[in-house]
Each structure stands twice: as C-alpha cells, then as structure tokens.
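Enquirer: Put together the whole structure using the sequences plus the hints.
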Amino acid sequence: MEMACFRLQSPERAAEQILKDLIANDTENMMEDIHSKLQEIKNPVNAIGILIREMDYETDVEMDRGFNPVQPINVRMHLSQLYGSSTTVNMVCRCVYKMSMTRLLICRDLLILQQLLLRLGDAILLGGDQLFHTQQNLLHRTSILLLSYYVIRWASQRLASDVPFDELESNLQHLSVLKLTDSTTITPL
0 MEMACFRLQS PERAAEQILK DLIANDTENM MEDIHSKLQE IKNPVNAIGI LIREMDYETD
60 VEMDRGFNPV QPINVRMHLS QLYGSSTTVN MVCRCVYKMS MTRLLICRDL LILQQLLLRL
120 GDAILLGGDQ LFHTQQNLLH RTSILLLSYY VIRWASQRLA SDVPFDELES NLQHLSVLKL
180 TDSTTITPL
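Using numbering that gives the first Met the number 0, you'd call the opening residue of the sequence shown number 0 and step up by one each time.
Among the hints, a few may not be true.
[Said to hold, decoys possible] Straight-line distance between alpha carbons at most 20 Å, and here's what the computed DMTMM-like set of lysine to aspartate or glutamate pairs gives:
no., residue 1, residue 2
1, 19, 1
2, 97, 53
3, 97, 108
4, 19, 108
5, 19, 31
6, 36, 25
7, 19, 32
8, 97, 55
9, 41, 31
10, 36, 108
11, 97, 1
Rather than coming from a laboratory, the hints here were simulated on the basis of the structure. Note that the coordinates shown come from a computational prediction; the quantities given were computed from them, not determined experimentally.
Expert: As structure tokens, then:
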C-alpha cells in the first residue's frame, strides 16, 4: 500500500490487489472468520462511516476546543520558547509520525474491508443502497484520508533545521548585490 501511495497509484486498486492476495493465500480460513464476524455487525457501512468521520481532521471538534487565542503574553512566550527548541520539534515530529502511521494503517485496513464488502455484496449488506454508498462515498473518502496520512507521515520524517536570522539577512544582502544580466550566448541543449 505504501509503495502504491509513493508511486501515486490508486489506493483502491492497491487494496483490491491486497485482498486478492489475502484470498489466494488464505490457508487458515481467515476470510471465513472475517465473513462470519461481518454478519454479526448490523450495519457495517454505517460503522465504517463513523470511523472515517472520527479520523477526519476537518470534522474533529476536539481540536477547536483546546486553543484559546486570548492567552496571557507570558503563556504565549513560554509556548513559543517550548516549541522553538529542537528537542520539542523532534518530539512533535515523532508524535505526528506515530499518529499518522496508526491512522494510515487503519485507513489501509478499512479500504481492504470495503473491498471485501463490495466483493461479498448483498450477502453482508442490507441493501443495494449501502453497496452503492460504499462504492461511491466511503471508498473515495478513505482513499483521500489514507493519502493525506501518508503525506503527513512523509513530512514528519523530513529533517528541518533552523536558519539563524543573521544568516538569512546576510544572504539577502548578497542577493541584492548580484546583478543578473540576460545573456544571448547561452543556448539550450
């Protein structure tokens, strides 16, 4: 799945291929166990929809409650010092990596489960509406979330370093001294 994301391939197709491989290599009757567990769930499409909604940052209400823009200046200064240190940046990046990796794996498993539900069809789902809803909405939303968490995970692994302000100022002064001229002697290859 990660290679498919890296190569900008469709996560739905990757999940479909993973499901085919799981079915082909099923030696312990795992697929029958999953099928029987799915029959115990009254509305699997609704359950998947709730999971996706909870994992979506746009609908996450808890994030909005924690931030208070009218904090005293000393609290804001302490927070800026805390988040300005390289140790804290490293710690936050590791936390973001772990959270995005967990959510990426959940989305991967949900995509595979949705592919299984589509394959099983009406044997598990209550009606054709749910099959259509799974195919049109849930697969697409899960794929977008999976790709988003892949990008977040990738970005949290990249190294970032602080550039001192005086170095930036010096570079800007050097750039302002340079004069760029048009040269007609350079020809494209």
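Enquirer: Look at each hint and say if it fits the structure.
Expert: Do the hints match the structure? See the list:
{"no.": "1", "hint": "19 to 1", "result": "17 Å, holds"}
{"no.": "2", "hint": "97 to 53", "result": "17 Å, holds"}
{"no.": "3", "hint": "97 to 108", "result": "17 Å, holds"}
{"no.": "4", "hint": "19 to 108", "result": "14 Å, holds"}
{"no.": "5", "hint": "19 to 31", "result": "14 Å, holds"}
{"no.": "6", "hint": "36 to 25", "result": "16 Å, holds"}
{"no.": "7", "hint": "19 to 32", "result": "16 Å, holds"}
{"no.": "8", "hint": "97 to 55", "result": "16 Å, holds"}
{"no.": "9", "hint": "41 to 31", "result": "18 Å, holds"}
{"no.": "10", "hint": "36 to 108", "result": "15 Å, holds"}
{"no.": "11", "hint": "97 to 1", "result": "15 Å, holds"}
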